[in-house]
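Chemist: Here are the chains, one letter per residue:
2 protein chains.
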Amino acid sequence: MKTEIIRMLKETDGYLSGQELCSRLHVSRTAVWKVMEQLRGEGYEIEAVRHKGYRLVQAADVLTAAEFASFMSGRQLGNQVDCNEEIDSTNNRAKYLAEHGAPEGTLVTAEVQTAGKGRRGRTWVSPPGTGAWFSLILRPEILPAYASMLTLTAALAVAEAIEDASGLSAGIKWPNDVVVSGKKVCGILTEMSAEPDQIHYVVIGIGINVNMTEFPEEIEKTATSLYIESGRRIRRSELIMSVMKHMERWYRVFLNTSDLTGLKEDYMARLVNLNRQVTVLDPRGEYRGMCLGIDDNGLLLVKREDETMEKVMSGEVSVRGVYGYT
Amino acid sequence: MKTEIIRMLKETDGYLSGQELCSRLHVSRTAVWKVMEQLRGEGYEIEAVRHKGYRLVQAADVLTAAEFASFMSGRQLGNQVDCNEEIDSTNNRAKYLAEHGAPEGTLVTAEVQTAGKGRRGRTWVSPPGTGAWFSLILRPEILPAYASMLTLTAALAVAEAIEDASGLSAGIKWPNDVVVSGKKVCGILTEMSAEPDQIHYVVIGIGINVNMTEFPEEIEKTATSLYIESGRRIRRSELIMSVMKHMERWYRVFLNTSDLTGLKEDYMARLVNLNRQVTVLDPRGEYRGMCLGIDDNGLLLVKREDETMEKVMSGEVSVRGVYGYT
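Sequence order for the protein chains is L and Y. Taking our numbering, the leading residue of the first sequence gets 284, the next gets one more, and so forth. Taking our numbering, the leading residue of the second sequence gets 284, the next gets one more, and so forth.
Keep in mind the hints are simulated off the structure, nothing from the lab. Mixed in with the good hints there might be a few duds.
Dumping the calculated DSSO-like pairs for lysine-lysine here, alpha-carbon to alpha-carbon at most 30 Å [stated by the list, open to error]:
1) Y:547 with L:547
2) L:504 with Y:467
3) L:586 with L:467
4) Y:467 with Y:547
5) L:456 with L:467
6) L:528 with L:293
7) L:594 with Y:467
8) L:586 with L:528
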């Protein structure tokens with residue numbers, strides 16, 4: 284009933300009468316009143332006017348199952364949400380749930396991560412309440428070698444969701460950093476459990492810097508938040524569900540062909556490396572070249588100074604380069 | 284001390300004097316006597332003769348840390364052993380240990396698996412005491428796409444260990460079934476946890492039918508045991524440690540080049556499909572052809588009836604064919 288009331292409040296422009304709430308939900312006035320009190324306790328600002336009804340002044344920036352459910356409308360990704368106050372890492376929790384049978388589309392969120400993880404065993408700083416830290420469980424029927432493409436798919440979905448929620452232009456630094464004004468606002472860590480010829484599940488961990496007002500000196504040159512860039516606070520539940528919506532669309536496009544044919548164009552339109560000089564840190568020897576985009580499998584196309592073309596795998600190299608997004 | 288005593292008993296041809304045991308281990312006669320009693324309780328047959336000492340008549344077929352350690356000599360694989368009486372599956376236990384930091388080479392064994400796993404979610408029947416059910420944790424620095432080659436590497440190691448222990452000729456049905464007289468004696472299930480460009484760990488689960496005297500009617504045409512084929516009982520700890528020894532060698536060879544260049548020849552010498560007709564169950568359409576071996580990445584080379592060559596991935600097909608090994 285709580286979810287239903289949140290959804291009805293959001294959908295109503297103006298006041299929602301207590302009578303209507305009671306008759307649509309088949310409950311008493313007292314029951315409705317109790318839920319309103321509960322929502323207020325969670326931070327929702329709800330105005331009640333005699334003879335008019337209830338009006339949602341401001342939804343709360345809470346990560347609760349009821350709040351997430353109020354956004355859902357028949358989609359699969361984010362359909363089940365596991366909301367946590369404080370856990371070690373949303374990816375670890377998602378892996379645990381996946382091992383125990385959680386279905387595709389299960390979303391895991393946390394207010395605080397005590398041991399947030401970055402790629403290749405690095406740590407990810409995730410202070411309480413200000414960021415969107417979440418992980419999504421997928422069970423695609425693809426080979427493990429194709430999982431890297433899901434990371435690019437997620438980067439595209441995040442960039443679009445950020446743009447929807449904040450109005451900021453969001454670019455992608457290949458393969459999967461989302462940047463605003465040349466600084467990183469989102470990191471993505473994809474993990475999987477697989478047999479050599481079959482994926483059991485993939486967990487896509489996403490960390491978005493949402494409402495931080497400042498960063499430690501060491502990273503303030505390379506990291507930013509949506510609040511710092513846009514000057515306004517973004518509701519995290521709305522942002523996360525927007526990522527789910529965009530991801531749902533692109534994930535289906537990806538599964539159609541098991542490659543990036545269908546989303547390459549949209550990805551490249553956001554690729555900050557495009558038509559710029561990049562330095563490829565190939566273990567066999569660093570080299571420079573011009574970034575010409577990605578191929579259908581998400582490999583970076585680089586034209587070397589001697590005109591030869593290279594296809595760069597994220598596993599073998601890192602890419603350095605100017606990536607200011609204007 | 285127990286491990287040391289087992290190893291000394293095994294290394295001594297004839298009698299090992301109590302005096303020598305005491306002085307080498309710096310313990311009392313009573314302490315030695317206690318360990319001997321304990322070993323007899325576990326099933327070791329130990330003769331004690333006054334004025335001569337102790338003699339190992341017959342080692343026990345037990346899976347204990349002390350017994351495994353008595354085989355070790357500076358190798359890495361099998362260096363740490365997690366021995367279990369009854370667990371759901373050795374792969375699940377190994378994955379749990381790997382998630383919690385167990386190092387490369389950790390071996391997990393069980394007398395009974397209550398939910399033994401086969402490939403692609405199938406179950407694996409693992410009755411108590413008669414089979415060698417074990418899993419090995421590896422942490423190779425390779426891409427997830429290369430993990431399938433570890434399965435072929437393990438199949439080669441198992442075939443060689445079976446031959447050493449039983450004298451039977453062991454063949455390999457591509458990619459990773461080990462067969463004796465055309466019937467399956469071993470199955471291998473490889474699972475991994477990975478990022479798209481980095482493996483966290485690989486668990487190689489191996490089930491060998493060792494001392495079964497018969498099989499249920501449904502599978503007796505396709506499955507056999509080392510006992511049925513050779514007429515003698517094989518000690519499982521010795522067989523498992525022999526697999527570790529062979530695996531250690533081939534794993535190093537594999538890591539040298541990150542492909543099967545160095546072990547292709549030995550693998551092909553055991554490949555029961557070689558130069559035989561095979562039916563490839565390609566999802567795009569079944570076809571027949573002649574098996575010409577494997578390539579450096581472990582793909583099966585098949586010449587179709589129209590002379591075109593195919594490279595078959597285990598993820599895409601199964602291979603049917605006569606594979607009697609003579």
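Chemist: Decide, hint by hint, whether the structure agrees.
Modeler: Consistency of the hints with the structure:
1. Straight-line distance between C-alpha atoms of residue 547 of chain Y and residue 547 of chain L comes to about 38 Å, which puts the hinted pair past the 30 Å bound.
2. The straight-line distance between the Cα atoms of residue 504 of chain L and residue 467 of chain Y is roughly 61 Å, outside the 30 Å bound, and the hint therefore fails.
3. With a C-alpha separation of about 26 Å, the suggested pair residue 586 of chain L and residue 467 of chain L falls inside the 30 Å cut-off, and the hint holds.
4. Only pairs whose Cα atoms come within 30 Å are accepted, and residue 467 of chain Y paired with residue 547 of chain Y is accepted, the gap being roughly 21 Å.
5. Restraint check: the Cα-Cα separation between residue 456 of chain L and residue 467 of chain L comes to about 9 Å, which is no more than 30 Å; the hinted pair holds.
6. Of the pairs offered as hints, the one joining residue 528 of chain L and residue 293 of chain L holds, with about 18 Å between alpha carbons and a cut-off of 30 Å not exceeded.
7. For the suggested pair residue 594 of chain L and residue 467 of chain Y, the alpha carbons sit about 42 Å apart, so the restraint of at most 30 Å is broken.
8. At most 30 Å may separate the alpha-carbon atoms for a hinted pair to count; residue 586 of chain L and residue 528 of chain L exceed this at roughly 35 Å.
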